[in-house]
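2 protein chains.
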Amino acid sequence: MAASRGFTDDYSPALMTDMYEYTMLNAALKDGTANRNCVFEIYTRHLPEGRRYAVLAGTGRILDALAHFHLSDDDLAFLSDNKVISKQCVKWLENFHFSGTIRGYREGEMFFPDSPILQVEGSFAECTLLETLLLSILNYDSAVASAASRMVSAAGNRPCMDMGGRRANEWAAVSAARAAVVGGFKGTANLLAAKLYGLHAIGTAAHSFTLLHDSEKEAFTSQVDALGVGTTLLTDTYDIESAVRTAVEVAGPALGGVRIDSGDLASLAQRVRNQLDALGATNTKITVTNDLDEYALAALQTAPVDSYGVGTMLVTGSGAPTCGMVYKLTERENSAGIMQPVAKKSKNKGNVPGRKLAYRSYEYNLADCEHIIAGSEDQLATYEPKEGWRNLLVDYVVDGVVNSEYQGNDAIIAAQEHRTQALCELPITAQSLMKGDPAIPTEITLL
Amino acid sequence: MAASRGFTDDYSPALMTDMYEYTMLNAALKDGTANRNCVFEIYTRHLPEGRRYAVLAGTGRILDALAHFHLSDDDLAFLSDNKVISKQCVKWLENFHFSGTIRGYREGEMFFPDSPILQVEGSFAECTLLETLLLSILNYDSAVASAASRMVSAAGNRPCMDMGGRRANEWAAVSAARAAVVGGFKGTANLLAAKLYGLHAIGTAAHSFTLLHDSEKEAFTSQVDALGVGTTLLTDTYDIESAVRTAVEVAGPALGGVRIDSGDLASLAQRVRNQLDALGATNTKITVTNDLDEYALAALQTAPVDSYGVGTMLVTGSGAPTCGMVYKLTERENSAGIMQPVAKKSKNKGNVPGRKLAYRSYEYNLADCEHIIAGSEDQLATYEPKEGWRNLLVDYVVDGVVNSEYQGNDAIIAAQEHRTQALCELPITAQSLMKGDPAIPTEITLL
Numbered sequence: 001m002a003a004s005r006g007f008t009d010d011y012s013p014a015l016m017t018d019m020y021e022y023t024m025l026n027a028a029l030k031d032g033t034a035n036r037n038c039v040f041e042i043y044t045r046h047l048p049e050g051r052r053y054a055v056l057a058g059t060g061r062i063l064d065a066l067a068h069f070h071l072s073d074d075d076l077a078f079l080s081d082n083k084v085i086s087k088q089c090v091k092w093l094e095n096f097h098f099s100g101t102i103r104g105y106r107e108g109e110m111f112f113p114d115s116p117i118l119q120v121e122g123s124f125a126e127c128t129l130l131e132t133l134l135l136s137i138l139n140y141d142s143a144v145a146s147a148a149s150r151m152v153s154a155a156g157n158r159p160c161m162d163m164g165g166r167r168a169n170e171w172a173a174v175s176a177a178r179a180a181v182v183g184g185f186k187g188t189a190n191l192l193a194a195k196l197y198g199l200h201a202i203g204t205a206a207h208s209f210t211l212l213h214d215s216e217k218e219a220f221t222s223q224v225d226a227l228g229v230g231t232t233l234l235t236d237t238y239d240i241e242s243a244v245r246t247a248v249e250v251a252g253p254a255l256g257g258v259r260i261d262s263g264d265l266a267s268l269a270q271r272v273r274n275q276l277d278a279l280g281a282t283n284t285k286i287t288v289t290n291d292l293d294e295y296a297l298a299a300l301q302t303a304p305v306d307s308y309g310v311g312t313m314l315v316t317g318s319g320a321p322t323c324g325m326v327y328k329l330t331e332r333e334n335s336a337g338i339m340q341p342v343a344k345k346s347k348n349k350g351n352v353p354g355r356k357l358a359y360r361s362y363e364y365n366l367a368d369c370e371h372i373i374a375g376s377e378d379q380l381a382t383y384e385p386k387e388g389w390r391n392l393l394v395d396y397v398v399d400g401v402v403n404s405e406y407q408g409n410d411a412i413i414a415a416q417e418h419r420t421q422a423l424c425e426l427p428i429t430a431q432s433l434m435k436g437d438p439a440i441p442t443e444i445t446l447l
Numbered sequence: 001m002a003a004s005r006g007f008t009d010d011y012s013p014a015l016m017t018d019m020y021e022y023t024m025l026n027a028a029l030k031d032g033t034a035n036r037n038c039v040f041e042i043y044t045r046h047l048p049e050g051r052r053y054a055v056l057a058g059t060g061r062i063l064d065a066l067a068h069f070h071l072s073d074d075d076l077a078f079l080s081d082n083k084v085i086s087k088q089c090v091k092w093l094e095n096f097h098f099s100g101t102i103r104g105y106r107e108g109e110m111f112f113p114d115s116p117i118l119q120v121e122g123s124f125a126e127c128t129l130l131e132t133l134l135l136s137i138l139n140y141d142s143a144v145a146s147a148a149s150r151m152v153s154a155a156g157n158r159p160c161m162d163m164g165g166r167r168a169n170e171w172a173a174v175s176a177a178r179a180a181v182v183g184g185f186k187g188t189a190n191l192l193a194a195k196l197y198g199l200h201a202i203g204t205a206a207h208s209f210t211l212l213h214d215s216e217k218e219a220f221t222s223q224v225d226a227l228g229v230g231t232t233l234l235t236d237t238y239d240i241e242s243a244v245r246t247a248v249e250v251a252g253p254a255l256g257g258v259r260i261d262s263g264d265l266a267s268l269a270q271r272v273r274n275q276l277d278a279l280g281a282t283n284t285k286i287t288v289t290n291d292l293d294e295y296a297l298a299a300l301q302t303a304p305v306d307s308y309g310v311g312t313m314l315v316t317g318s319g320a321p322t323c324g325m326v327y328k329l330t331e332r333e334n335s336a337g338i339m340q341p342v343a344k345k346s347k348n349k350g351n352v353p354g355r356k357l358a359y360r361s362y363e364y365n366l367a368d369c370e371h372i373i374a375g376s377e378d379q380l381a382t383y384e385p386k387e388g389w390r391n392l393l394v395d396y397v398v399d400g401v402v403n404s405e406y407q408g409n410d411a412i413i414a415a416q417e418h419r420t421q422a423l424c425e426l427p428i429t430a431q432s433l434m435k436g437d438p439a440i441p442t443e444i445t446l447l
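Line by line, the protein sequences give chains A and B. Following the numbering used here, the numbering of the first sequence begins with 1 at its first residue and continues without gaps. Following the numbering used here, the numbering of the second sequence begins with 1 at its first residue and continues without gaps.
Rather than coming from a laboratory, the hints here were simulated on the basis of the structure. Some clues are possibly wrong.
No copy labels: a pair is met if it fits in one copy or bridges any two.
Capping the alpha-carbon separation at 27 Å, the derived lysine-lysine pairs in DSSO-like fashion look like this [to be verified]: (1) Lys345 to Lys285; (2) Lys30 to Lys349; (3) Lys195 to Lys386; (4) Lys386 to Lys91; (5) Lys83 to Lys347; (6) Lys30 to Lys195; (7) Lys83 to Lys386; (8) Lys186 to Lys217; (9) Lys217 to Lys349; (10) Lys195 to Lys347; (11) Lys87 to Lys30; (12) Lys345 to Lys83; (13) Lys345 to Lys217.
Based on the sequences and whatever the hints tell you, model everything.
In structure tokens form, the structure reads like this:
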């Protein structure tokens, strides 16, 4: 199979995993428990301190990854040579294809502590192999989408653009751009993300381009010649006021935009706006960049800024660079072939046993509670939610067949739209940047 | 060229970059400045708050990436179709190969604010294309290596193992494992990292393996059958005391180790140590895991623990998930063909113009100052450092030819050894976990 959206057969995600997944598989194959049917659940015990909600991102990437989740001969030789797995296990892995079922929250959906974000059902063997990969994807992508969502709220109607790739691992940067768009961002500087996911790519020039030329005027002239007067010129390499004058002189009043990347952005934006207006460049946009986060964006609300470029704080989750998602066995077949809820009892790290349903209830069109219903398959099959409760679970994979609705570039746009709508349905405190409790409580019912 | 160490021709690092690198290239080709010789420098303006030093990691990965830094026909079509670049630029890119020179700090070296971590010399065209990629690699890898180094110091003689992959992007996890080893870690749970970089892989079982079985005893028996009595059994799924008893019952007193993943680790380790000793399992090791960071490791010094598994806080840089490294033009050829130092003057974001030398001076075998010497090529060529100053710069790439000494798996071990030695040469305050100033001051001399 050819490479697709970041996963290749050269580097299958099957080895982007912790060794113990394979040692467990190996032991389970040997003792006969590998085929026991299991339900694993991904959830988080808590949101980052004071956050009101989090946004799920990465499920579309999981579906991409599943298509490449198989081991090459080279991978199998590596595992075998290093005594991670036995010959029996090598044989079992040769034709591995996930044949189970994955259901969970929609991409772009808000989640809270204990939300059953993803449930994976299948044999122990196939479910255990997915643990690390699923967590890696969801933990990072959701951290970025959650930060993005707060920034987008703080930015109001002004578009936010991802410029953070240089502050993240080079592949993480690609996922971050995608997750940012799920969280409401309008574009990215990252070219590979734009190419793989069909995102809007942005960017014009760095300070080095101005410094390369003998004068700022030559640099601006070159850029306008290459990109047209609609381009955005970077105005803070030397003196901003003089740069703005030169910019309008070179491009004329139809200049697309100017960018400010240092200093007191609010007061500079105000001065530059007035200067542009005085020069007749009343439609020239102002974009600002420089270590922005949601608090800085909120503080810029009254400044005459048209768009934001956000970097470091976006790709590092604005103080919460990962979610605390875990992957826990909640139900499994016993030696008699009967499904039983299970839970570990580790101190402060226990989990709610059993498979789950998840709903959000509303009062006056505003969400007021997350309802998690835990029980056996039979119990859940006959469970009747109250009227008006929104079912939060969708089927991503059924018996190994991927639901393509949630994969690909359209799914990213759908996720972005879903995030906007679902956020509007939460009490407005969700959008507060003050630390506090989750926007709605979660009620867990054990049937 | 085949895939090598994480970079492939399917996904060349050439697009893991910001769009403006290509729009600048495009404009510079059009205006004739693209071939001007340039020196770019990577440095950081400050360390994360209160950190005493940082550790450079990722240079070996840069050399791997350079080998794949070229554009496929598909990439070129993408850039061209989206009007990022012109036909002239497409043609220029068709046979792109970096032919410049890269020198910088060794992998595993300590760095401080203003340290000229990497200097890239070549035409503007080729240097600008590398900006985003170099920063992505160094910013993330160094963030992880810096955190790892603090953890390793706090852990004393007890080995630290990377178990953080699930809390980072799936590719970032692979880089993190490598960077952790540069920072002094002894192994990783991440299989792809182990395979690509020849790292020691570790890991045995998760709680799900115990829950899968009808009893803890069956799970332990299965694991010992598959992995031998030298394995490490996870003892906190239910009740730790009873699990330890069962573990020794199943494996005998030659049991390799037990792992504790929850609760008050120090007091649990003490109880478990006494229990193991009483059961005759005096050589059974205790490994602990559970949201450890350098402070937790320091607090565990007196507890009878043998090794640590570190996850989230490692791969997220323990509060500093990225370094603030930037890539700035410091010298360039002007229209008359003469090299000139340059610097932007943006508020609080200016840089020191000119190319740099870097040395560390010592008193009584302890480093006392970082010396940065800035000047023209001629000035630096005749500069004589004082006796005993250690030259911090090595040649990574000379005229496009990679110095293989700094690439590959041996370079990772060399970097780890270098980090140990270089840290020993710093004043011991470097290893303090209290917030404070950098361990040594940096003196900048403009010739």
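Now the hints, each set against the structure:
In the homo-oligomer, the alpha carbons of Lys345 and Lys285 lie at most 27 Å apart only across protomers (23 Å), although the nearest pairing inside one protomer, at 57 Å, exceeds that limit. For the homomeric pair Lys30 and Lys349, neither the shortest alpha-carbon distance inside one copy (29 Å) nor that between copies (61 Å) is at most 27 Å. Within a single copy, Lys195 and Lys386 get their C-alpha atoms no closer than 44 Å, and across copies no closer than 52 Å, so neither meets the 27 Å cut-off. Taking identical chains as interchangeable, the C-alpha atoms of Lys386 and Lys91 are never at most 27 Å apart, the minima being 48 Å within one chain and 64 Å between chains.
For the identical chains of this complex, Lys83 and Lys347 are neighbours neither inside a copy (33 Å) nor across copies (57 Å), given an alpha-carbon limit of 27 Å. Within a single copy, Lys30 and Lys195 get their C-alpha atoms only as close as 44 Å, which misses the 27 Å cut-off; across copies the closest is 25 Å, which meets it. For a Cα distance limit of 27 Å, the shortest separation of Lys83 from Lys386 qualifies neither inside one copy, at 53 Å, nor across copies, at 53 Å. Proximity of Lys186 and Lys217 under a CA criterion of 27 Å is satisfied in neither setting, with 30 Å inside one chain copy and 54 Å between copies.
With identical chains, the CA atoms of Lys217 and Lys349 are at most 27 Å apart between copies only, with a shortest distance of 21 Å across copies and 61 Å within one. Neither within a single protomer nor between protomers do Lys195 and Lys347 lie at most 27 Å apart by alpha-carbon distance, with minima of 46 Å and 35 Å respectively. When the C-alpha separation of Lys87 and Lys30 is checked against a cutoff of 27 Å, the pair qualifies only within one copy, where the shortest distance is 11 Å, while the shortest distance between copies is 60 Å. Taking identical chains as interchangeable, the C-alpha atoms of Lys345 and Lys83 are never at most 27 Å apart, the minima being 31 Å within one chain and 58 Å between chains.
Taking the closest pair of Cα atoms, Lys345 and Lys217 come within 27 Å of each other only across two copies (16 Å); inside a single copy the shortest separation is 68 Å, beyond that limit.
The structure is inconsistent with the numbered hints 2, 3, 4, 5, 7, 8, 10 and 12, although it conforms to all the rest.
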